[in-house]
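There are 2 protein chains.
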Amino acid sequence: MHAYEESPFTRKLAAFVALSKDELSVLERLHQRRRSFRVGIDLVHQGQSEQTAYILSQGWVCSYKIQRDGTRQIVDFQIPGDFLGLRSVLLRTSDHSFEPITDIQAAEVSAADLLEAFAQTPRLATAILWAASRDEAMVVEHLVGLGRRPADARMAHFLLELGARLLLVGIADKSGYACPLTQYHLADALGLSAVHVNRVLRHLREDGLVTFRNGHVTFDDYDRLIDFAEFDPAYLDQAGPVLL
Amino acid sequence: MHAYEESPFTRKLAAFVALSKDELSVLERLHQRRRSFRVGIDLVHQGQSEQTAYILSQGWVCSYKIQRDGTRQIVDFQIPGDFLGLRSVLLRTSDHSFEPITDIQAAEVSAADLLEAFAQTPRLATAILWAASRDEAMVVEHLVGLGRRPADARMAHFLLELGARLLLVGIADKSGYACPLTQYHLADALGLSAVHVNRVLRHLREDGLVTFRNGHVTFDDYDRLIDFAEFDPAYLDQAGPVLL
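If you're matching them up, the sequences are chains W and P in order. Residues 9 to 252 in my numbering are what the first sequence lists, from first letter to last. Residues 9 to 252 in my numbering are what the second sequence lists, from first letter to last.
I should point out that these hints are in silico values taken from the structure, not numbers from a laboratory. Treat the hints loosely; a few may be bogus.
Note that the list lumps identical chains together, so a pair holds whenever it fits in one copy or between two copies.
Said to hold, decoys possible - Pairs of lysine to any residue residues, derived as SDA-like cross-links and limited to a Cα-Cα distance of at most 25 Å, are as follows:
hint : residue 1 : residue 2
1    : Lys73     : Ser33
2    : Lys182    : Tyr72
3    : Lys29     : Arg213
4    : Lys73     : Leu123
5    : Lys29     : Gln191
6    : Lys73     : Leu32
7    : Lys73     : Val25
8    : Lys73     : Asp235
9    : Lys73     : Ala159
10   : Lys182    : Arg37
11   : Lys182    : Arg43
12   : Lys73     : Phe236
13   : Lys73     : Ile234
14   : Lys29     : Arg207
15   : Lys73     : Arg156
Please work from the sequences and hints to get the whole structure.
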């Protein structure tokens, strides 16, 4: 087995397309320009016009927007298998920034690389469009969550979504996952204060639902947590390949 | 000139890709199965698994999610040139519903149609990925707006964004545009009550910024409105083709 068959990006796309040998080798070429980035140093800046995207293969990243008043809104977190800045390769300027939360490894991809890959295998284009659609569905869920869900349910929903995403690329199981996020990350993503995040996590732990401690999320009662969060994972669409 | 060269979808993609004759004829084929829908009757239901998308050629649509408590969150509005349910053609189930706000005309597109089009012209795949990325950038802007912008600025930003989108497909100019939205649509989209929408619109009108009356949005002072809303249209990325 080649290294690329193991890549989280390949694992993720395989949830949508049953990949052929040819498609796997096109994916391999997309992974050629491997780069490492250190925690805390932005890969792509909001407003930047350099047209490069990355496929994350190891580590965690957060994408955020800085408001004119200087406050930061975290848009989402990227985990292995996710694109970083697909929009910045297609749109003229990046509409947000990417900061590694841990040291990361990623493959650099240009617009020309994508175009070449799409020419070789149109199914791959559909798969990447699927992944982009799934990302948009997640942002929509966060929009709805911010508008409608109370803080406890919002946190529970968020921890379950992360778990489902990590499960898809093989770095979580139903008992939980390693998670490098701080309470400040959670606060900026969920529109809560750090103190409020603390209180919400204590409630969820004391209710026997989920424990987030020492860089690890443990699902204490997975089914009850899903019920509490009203979590329906259909929007993540990860039940197995649609295109055979 | 053929009808498809005039289609709003073609006009929109032309902002990203300088379309060749071959690409225009592939686009024509995507427009073959024309359908009409009446105001108020949903095209795609949340949870529906039929894999059909539409390219809107005439009229306005709103996409929304129904919460478990029965409340409706409007995710966005679709105008001519937009995809309806691109996600429902790619993901297994639709994560939201589409309701025509006016009578509409749209072309039906299946996953197979898309795959065939991508095989014929990979540049078109990139262009559609561009359009999907732009849609996601809009949802991110709405997320940020809901979290951070006061009601008056949120409304101003929303009316400017719609104006820019309509301008791209040739049905607005800098003085304003025809707009079939009701105050209930605005309320559900912006997270305000209908009474609050009324008050916000009165403020904006009395301040000489923008007037929304009798189905028409008039920009009374475009530059000052942009300043007031802190509207930076870079995320809409409509300054002319990137791929030549």
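task = Tell me, please, which holds for Lys73 and Val25 at an alpha-carbon limit of 25 Å: within, between, both or neither?
result = For Lys73 and Val25, neither the intra-copy (32 Å) nor the inter-copy (27 Å) Cα distance is at most 25 Å.
request  = Pop the pair Lys29 and Arg207 into one bin, within, between, both or neither, using alpha-carbon distances up to 25 Å.
outcome  = neither (50 Å within a copy, 61 Å between copies)
Identical-chain pair category, Lys182 with Arg43, by Cα at 25 Å = neither (31 Å within a copy, 45 Å between copies)
message = For Lys73 and Phe236, with the copy left unspecified, which applies at a CA distance of at most 25 Å: within, between, both, or neither?
response = Between. Shortest inter-copy distance 19 Å satisfies the 25 Å Cα cut-off; intra-copy 30 Å does not.
ask   = Given identical chains, is Lys73 near Leu32, meaning Cα to Cα at most 25 Å, within a copy, between copies, both, or neither?
value = Classified as neither: same-chain Cα gap 34 Å, cross-chain 36 Å, threshold 25 Å.
request  = Could you place Lys73 and Leu123 in one of the four classes (within, between, both, neither) given a Cα distance threshold of 25 Å?
outcome  = Neither: 28 Å inside a chain and 34 Å across chains, both beyond 25 Å.
ask   = Should Lys29 paired with Gln191 be assigned to within, between, both, or neither, using CA atoms and 25 Å as the limit?
value = So Lys29 and Gln191 fail the 25 Å test inside a copy (43 Å) and across (54 Å) alike.
request  = With 25 Å as the alpha-carbon cut-off, assign the pair Lys73 and Ala159 to within, between, both or neither.
outcome  = Both: 22 Å inside a copy, 20 Å across copies.
key: Copy assignment of Lys182 with Arg37, given that the CA separation must stay at most 25 Å   = neither (33 Å within a copy, 46 Å between copies)
ask   = With identical chains treated as interchangeable, where does the CA-CA distance between Lys73 and Ser33 reach 25 Å or less: within a copy, between copies, both, or neither?
value = Neither: 35 Å inside a chain and 39 Å across chains, both beyond 25 Å.
ask   = How would you label the pair Lys73, Arg156 (within, between, both, or neither) given a Cα cut-off of 25 Å?
value = both (22 Å within a copy, 11 Å between copies)
ask   = Are the CA atoms of Lys29 and Arg213 at most 25 Å apart within a copy, between copies, both, or neither?
value = neither (46 Å within a copy, 61 Å between copies)
The structure does not agree with the numbered hints 1, 2, 3, 4, 5, 6, 7, 10, 11, 14 stated previously, though it agrees with the rest.
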